[in-house]
Amino acid sequence: AQSVTQLGSHVSVSEGALVLLRCNYSSSVPPYLFWYVQYPNQGLQLLLKYTSAATLVKGINGFEAEFKKSETSFHLTKPSAHMSDAAEYFCAVSDRGNQGGKLIFGQGTELSVKP
Amino acid sequence: DAGVIQSPRHEVTEMGQEVTLRCKPISGHNSLFWYRQTMMRGLELLIYFNNNVPIDDSGMPEDRFSAKMPNASFSTLKIQPSEPRDSAVYFCASSFGRTNTGELFFGEGSRLTVL
Chain A
8 AQSVTQLGSH VSVSEGALVL LRCNYSSSVP PYLFWYVQYP NQGLQLLLKY TSAATLVKGI
68 NGFEAEFKKS ETSFHLTKPS AHMSDAAEYF CAVSDRGNQG GKLIFGQGTE LSVKP
Chain B
2 DAGVIQSPRH EVTEMGQEVT LRCKPISGHN SLFWYRQTMM RGLELLIYFN NNVPIDDSGM
62 PEDRFSAKMP NASFSTLKIQ PSEPRDSAVY FCASSFGRTN TGELFFGEGS RLTVL
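Protein chains in written order, with this note's numbering: chain A, 8 to 122; chain B, 2 to 116.
Hints are computed from structural coordinates only; laboratory data are not their basis.
Take these hints with a grain of salt, some might be off.
[What the hints assert, rightly or not] Simulated coverage check for chain A against chain B, where a stretch passes if three residues somewhere in it have a Cβ under 8 angstroms from a Cβ of chain B:
1. 19-26
2. 78-84
[What the hints assert, rightly or not] Computed far set for chain A versus chain B, every beta-carbon distance over 10 angstroms:
3. Tyr32
4. Ser33
5. Ser35
6. Ser91
Being a predicted model, the structure only gives us computed values, none of them experimental.
For glycine and all other residues, C-beta sits at the position ideal for the given N, C-alpha and C.
Excised from the complex, chain A in its bound form (with noise of 0.2 angstroms):
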């Protein structure tokens, strides 16, 4: 069976700061990856995905993800974190044979950006 595990239910970092936010994934598939963002009161946005074009996908709002086989992870990078940033994020994983889109997500991490 598939899944994710998103290592830290809270992240806090400084406006301005490296922002990562981990995702190990178990498939015995190739998988399909995503990162969805949710913010309050709201449902979960596409940020990015990873469906076996480039390793390294870039998303929205600055964000970009990395697929590393050998490693089974998927994690979440922004280079500077803004204000704005502050929500919840969700990893996602999808087995390529998988018919309409079924999607097992991750626990969530809560990201928090201190001015």
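Fit chain B to the supplied structure of chain A, relying on the hints for placement.
Just chain B now, kept in the frame of chain A:
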């Protein structure tokens, strides 16, 4: 463009009452998902449909939960009878395409409180 529309946004009910949550997916999308979000369990996939047909309902907690998709533009999630432990935010999401590229479009959620 209209996104995924859910109603009601908030519902407060008493234990034992029937609850019906509604979802209108994005026009042209052929997959629809119901997720439940709680602090304790995170985001759980309850059921998903492809071309109006239920594909996987293994996440539906128990027989008190049922979901239907009578046509491509409407789905319901019903809880009967409701219990306090059903209190959560219920999200509907839709996507397009048979193969999984994974971009789900989420509604803003229905926050259910069962007293």
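Against the structure, the hints:
Using a Cβ-Cβ cut-off of 8 angstroms, 0 residues of the region 19-26 of chain A lie near chain B, which falls short of the minimum of three, so the contact claim is violated. With 0 residues having a beta carbon nearer than 8 angstroms to a beta carbon of chain B, the region 78-84 of chain A misses the requirement of three or more and the stated coverage is violated. Residue-level check passed: Tyr32 (chain A) sits 13 angstroms from the nearest beta carbon of chain B, beyond 10 angstroms. The claim that Ser33 (chain A) lies off the interface holds: its Cβ sits roughly 16 angstroms from the closest Cβ of chain B, which is beyond the 10 angstroms cut-off.
The beta carbon of Ser35 (chain A) sits about 15 angstroms from the closest Cβ of chain B, which is more than 10 angstroms, so the claim that it is off the interface holds. The beta carbon of Ser91 (chain A) is kept farther than 10 angstroms from every beta carbon of chain B, the shortest such distance being approximately 19 angstroms.
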